[in-house]
Amino acid sequence: MAQRGIREFDAKRLLARFLPEYLDDFDYGGEIALIGPETDLERTVSDNPWILEKRLVVKPDQLFGKRGVHGLVLLNASWDEVREYLSKNMNREVTIGGVRGVLDHFLVEPYVPHENELYVAISSDRDGDTIYFSTQGGVCVEENWDKVIQMHVDILDGINVADIKSKLPASPDAERVARFIEALFRFYVDLGFVYLEINPFTIVEGKIIPLDMVAKLDDAEEFWCRKKWGDLVFPEPFGRSLTPEELFIKEIDAKTGASLKLTILNPKGRVWTMVAGGGASVIYTDTICDLGFAGELANYGEYSGDPSTEDTYHYTKTILDLMTREKDPRGKVLLIGGAIANFTDVASTFKGVVMALREYRDRLRENNVRIFVRRGGPNYEEGLRMMRELGIELGIPIEVYGPETHMTRIVPLALRGE
Amino acid sequence: MNSRPDYILFDRNTKAFVYGYQVNAIQRMLDFDYVCQRETPSIAAIINPSRSGIHKAFWGTKEILLPMYRTIAEAAEKHSDADVMVNFASQRSAFDTTLEALRESTIRTVAIIAEGVPERHARIIGATARRAGKVIIGPATVGGLTAGAFRIGNTAGTIENIIACKLYRPGCVGFVSKSGGMLNEAFNIISRNSNGVYEGIAIGGDRYPGSSMLDHILRYEANPDIAMIACLGELGGEDEYRIVDALNEGRITKPLVAWVTGTCAPFLPASVQFGHAGAKADTAKETAQEKNRALKEAGAYVPESFDGYGDEIRKVYETLLAEGKVREVVEPQVPSIPVDYSKALSTGMIRRPTTFICTISDDRGEEVLYAGIPLSDVLERNMGIGGVIGLLWFKKVLPDYAARFIELVLQIVADHGPSVSAAHNAIVASCAGKDLISSLASGLLTIGPRFGGAIDDAAREFKRAYDSGLTPEQFVNEMKRKGVNIPGIGHRIKSVKNPDKRVQLLIEYAKRHFARTDLLNYALQVEAITTAKKGNLILNVDGCIGILFLDLMASCPVFTQQDIDDVLKHGYLNGLFALGRTIGIIGHILDQKRLGARLYRHPSEDIAFMLPEH
Chain L
1 MAQRGIREFD AKRLLARFLP EYLDDFDYGG EIALIGPETD LERTVSDNPW ILEKRLVVKP
61 DQLFGKRGVH GLVLLNASWD EVREYLSKNM NREVTIGGVR GVLDHFLVEP YVPHENELYV
121 AISSDRDGDT IYFSTQGGVC VEENWDKVIQ MHVDILDGIN VADIKSKLPA SPDAERVARF
181 IEALFRFYVD LGFVYLEINP FTIVEGKIIP LDMVAKLDDA EEFWCRKKWG DLVFPEPFGR
241 SLTPEELFIK EIDAKTGASL KLTILNPKGR VWTMVAGGGA SVIYTDTICD LGFAGELANY
301 GEYSGDPSTE DTYHYTKTIL DLMTREKDPR GKVLLIGGAI ANFTDVASTF KGVVMALREY
361 RDRLRENNVR IFVRRGGPNY EEGLRMMREL GIELGIPIEV YGPETHMTRI VPLALRGE
Chain W
419 MNSRPDYILF DRNTKAFVYG YQVNAIQRML DFDYVCQRET PSIAAIINPS RSGIHKAFWG
479 TKEILLPMYR TIAEAAEKHS DADVMVNFAS QRSAFDTTLE ALRESTIRTV AIIAEGVPER
539 HARIIGATAR RAGKVIIGPA TVGGLTAGAF RIGNTAGTIE NIIACKLYRP GCVGFVSKSG
599 GMLNEAFNII SRNSNGVYEG IAIGGDRYPG SSMLDHILRY EANPDIAMIA CLGELGGEDE
659 YRIVDALNEG RITKPLVAWV TGTCAPFLPA SVQFGHAGAK ADTAKETAQE KNRALKEAGA
719 YVPESFDGYG DEIRKVYETL LAEGKVREVV EPQVPSIPVD YSKALSTGMI RRPTTFICTI
779 SDDRGEEVLY AGIPLSDVLE RNMGIGGVIG LLWFKKVLPD YAARFIELVL QIVADHGPSV
839 SAAHNAIVAS CAGKDLISSL ASGLLTIGPR FGGAIDDAAR EFKRAYDSGL TPEQFVNEMK
899 RKGVNIPGIG HRIKSVKNPD KRVQLLIEYA KRHFARTDLL NYALQVEAIT TAKKGNLILN
959 VDGCIGILFL DLMASCPVFT QQDIDDVLKH GYLNGLFALG RTIGIIGHIL DQKRLGARLY
1019 RHPSEDIAFM LPEH
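Each protein sequence line maps, in turn, to chains L and W. Numbering follows this note's numbering, with no gaps: position 404 of the first sequence is 404. Whatever position you read off the second sequence (first residue = 1), add 418 for this note's numbering.
The hints are simulated quantities; they were obtained by calculation from the structure and are not laboratory data. The beta carbon of each residue, even a glycine, is placed where N, CA and C say it ideally should be. Among these hints, one or two may not hold up.
[Said to hold, decoys possible] Simulated crosslink set (DSS-like; lysine-lysine; CA at most 27 Å straight-line):
1. W:K672 / W:K743
2. L:K351 / W:K761
3. L:K66 / L:K54
4. W:K987 / W:K814
5. L:K66 / W:K703
6. W:K929 / W:K919
7. W:K900 / W:K951
8. W:K433 / W:K552
9. L:K147 / W:K703
[Claimed, not checked] If you anchor each label on the Cβ, the simulated ranges turn out as follows:
10. W:D424 / L:T243: 48 to 54 Å
11. W:R469 / L:E142: 56 to 62 Å
12. W:R660 / L:R55: 50 to 56 Å
13. W:I581 / L:T243: 40 to 46 Å
14. W:D424 / L:P20: 47 to 53 Å
15. L:R325 / W:A702: 52 to 58 Å
16. L:K147 / W:A740: 57 to 63 Å
17. W:F685 / L:T243: 18 to 24 Å
Could you build all of it, start to finish, from the sequences and the hints given here?
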């Protein structure tokens, strides 16, 4: 559960669909089309007749900004030119801000010739939300940050049109813009946004048109907003696609009340971790990096919230499978760590771990894997005993420590043998 | 209302509500109270939206009753001395229930356990509490604990851990962390490196916790019983800078040991989301490195890495000890908490003779076992009702022909029209408006020596005669001499000329499938003698079933002599009649129900009234 970026397409889709509920004369029609690697372009055209009627814009829609700077935005183009752009760029590997990734989603929308570029954004903090507005939007908003008007709205209060208008520079459009901002704020609150930026938007013939949008939602709002969000997916950050194993753990995570997380950092790494707890897992990772093994660290992950035996079995199996795919002459290390649990039953979570280890006995031996365990909490004596006996049974070095040993002590033991 | 200073959230007299029927957490809180030797339990009441009443829980070895209410308002009205709510509501209802609790003037502190509470909800909760001068702990936390005084829910885990970390009495260290999991680890570290914990709070790993680390640090600063403070932060957010500011402004004067976790982040791709929602550095300032540096600069005791956290605490503690600012704690006697029966049993610590034995079925595993055979096997092997009876009555896998024989019997006895005792009684009961089961029972209760219950007797008598070597003639004469009808011989309507088709079917089946039918042959010789005297003294269906069942058992190798003796001794065979006939009885009852049959009253002209005259 966290803040999640959404595609510009979805941000504009939600704006077109729901902002009119807050602003009855908002008539941005939402002429937008998302094109992915599997999209049938003929179908896109027939679903969006404006594509053939209007001049177009096409740009990548994958949660990264500064697309113009990277030369990835095609403006004022015909559909044929857009198709040519797509055939050149779809599935092309590019580097954006040091991150390599594949371009695979593009937004197509009408090209809007315009003069003025305005800026509006809303962000959240502990005490409320801040509305940012500037009449000098677009790429130069950061240079002109001192011209940005900021309005902080206390979390327990609202804001009305008059308040907003009083802060805006006098102009014929002030009333229209104030009403738009007020509606946008309520839309932001009701639809579970935690960040929203329209930079720029423009006003053409009295009509407000968003040109570029960035937004993040709070995925914990799903229960309340699912219906409105509709068919919304949270794409992974650019350059980061989930491996089948990460996806598998994500699916289990979604199904249980417990928490299971897995990020593979370096599949060839020799140091694998299986740490219980969101707090402890970070500290183990810190310690590994402190000791200079960041380059050898294979994964980040955590399991917590009293997962079932079955959950920990699948989790362990996934990690064991990954770590025994490619041999390393120096052998490998698995850290099964954790703090002293409050209520997670150590014996029953370890039961699943033991099942998986037993299943992978041969592969663990072939890969020369050494295992280090440190854990405390309900039934930890039983859990640790199982692990100790398992080491003997499988003929695999398993060193087992309890709460009497400092939590991260196993890290230097495993990595430096000291 | 008691008058605690603002800096004290929990003491030995704190009373709390537990929202949500969390039986384990409730017991853990009470066990903690007990080892702290609190005079009264810390739980005033449970709030359970789906049930009111009482909850029974242990207080040491004794049991106590806790009241349970459906609404926060009712609980608050009845227990104005409770100023804490431990809120176990789910992420969906945490918001409403917490705001409801904050509206009660008597509730001052709410701990929210749920994970995944939306950020906006958390921010509204936090702001509402701040405005009202109240305190939120959480969301997404295990809670916290004041040593020797009060425990929120599951904080600090098992009672063994609480004793190991000496949490049953206060030490001098005030601790606060984001992580609930690390809270318990910190208790361990602090207890090993100082005279112990005074209080530990986990504010939760979300982006917008209802109270900040600084809020708690300032309470610790104000509390004269706390000599030193420890905190464990995390990358992401700017909470730690509020601590830095407070240090710089001199608002924190007690020694503060601090560490911010997440120093690994620069080595990992920016897109990695750690386990806590708030653990993400959006700016350089939010990294763990920067925060640790700033804390150190502001005068906090910051170790080189988390490994040195305990040593840093020890250093500070020993300085305070040398300066005479703290003292070693004199350990109190700690009452022991009895081991729970279920836990003791599962770990093999205790044993107890069982009251009942069951040898036929077991439903404890994933799948019910019939005489050791999983139900799915029973179905896969197509064992049928006969096979199931073999398993559950005889604990044997019967050969197919034996199972089919049982099914034949069941089909044959399933019904015999509405006039016989069982059906009649059931129909009368059904007409009186009784439900299916009552009507069935009233029908079944007629089965006995005169109706349907002759199967066992017939089997017993014929077997006795045959085994003792009586000739059929001798047997008939003996019974005649005793003045007893031979069980299994004779029928109201059927006779030699009007043979009972059911008996013929049974005999046909037995002749075809049984290896031997010695007892049947004997019974047919007896029948030849009795029918010679009177045409309706035929081998009836009860007799035939009983006799053939013994023939089956005698000729089928799965049965032993002991089995045969058991069958006769315990009256298995009447069970076959009762089971089969149940089908018919239910049919008659349903028939009457469908027909809407009215109450039956027997006509008085059909009764001869012959009362005594006085």
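Structure-based check of all given hints:
| no. | hint | verdict |
| --- | --- | --- |
| 1 | W:K672 / W:K743 | 11 Å, holds |
| 2 | L:K351 / W:K761 | 17 Å, holds |
| 3 | L:K66 / L:K54 | 25 Å, holds |
| 4 | W:K987 / W:K814 | 18 Å, holds |
| 5 | L:K66 / W:K703 | 23 Å, holds |
| 6 | W:K929 / W:K919 | 15 Å, holds |
| 7 | W:K900 / W:K951 | 18 Å, holds |
| 8 | W:K433 / W:K552 | 16 Å, holds |
| 9 | L:K147 / W:K703 | 25 Å, holds |
| 10 | W:D424 / L:T243: 48 to 54 Å | 51 Å, holds |
| 11 | W:R469 / L:E142: 56 to 62 Å | 58 Å, holds |
| 12 | W:R660 / L:R55: 50 to 56 Å | 52 Å, holds |
| 13 | W:I581 / L:T243: 40 to 46 Å | 44 Å, holds |
| 14 | W:D424 / L:P20: 47 to 53 Å | 49 Å, holds |
| 15 | L:R325 / W:A702: 52 to 58 Å | 37 Å, violated |
| 16 | L:K147 / W:A740: 57 to 63 Å | 59 Å, holds |
| 17 | W:F685 / L:T243: 18 to 24 Å | 20 Å, holds |
Consistency note: the structure conflicts with earlier hint 15 alone.
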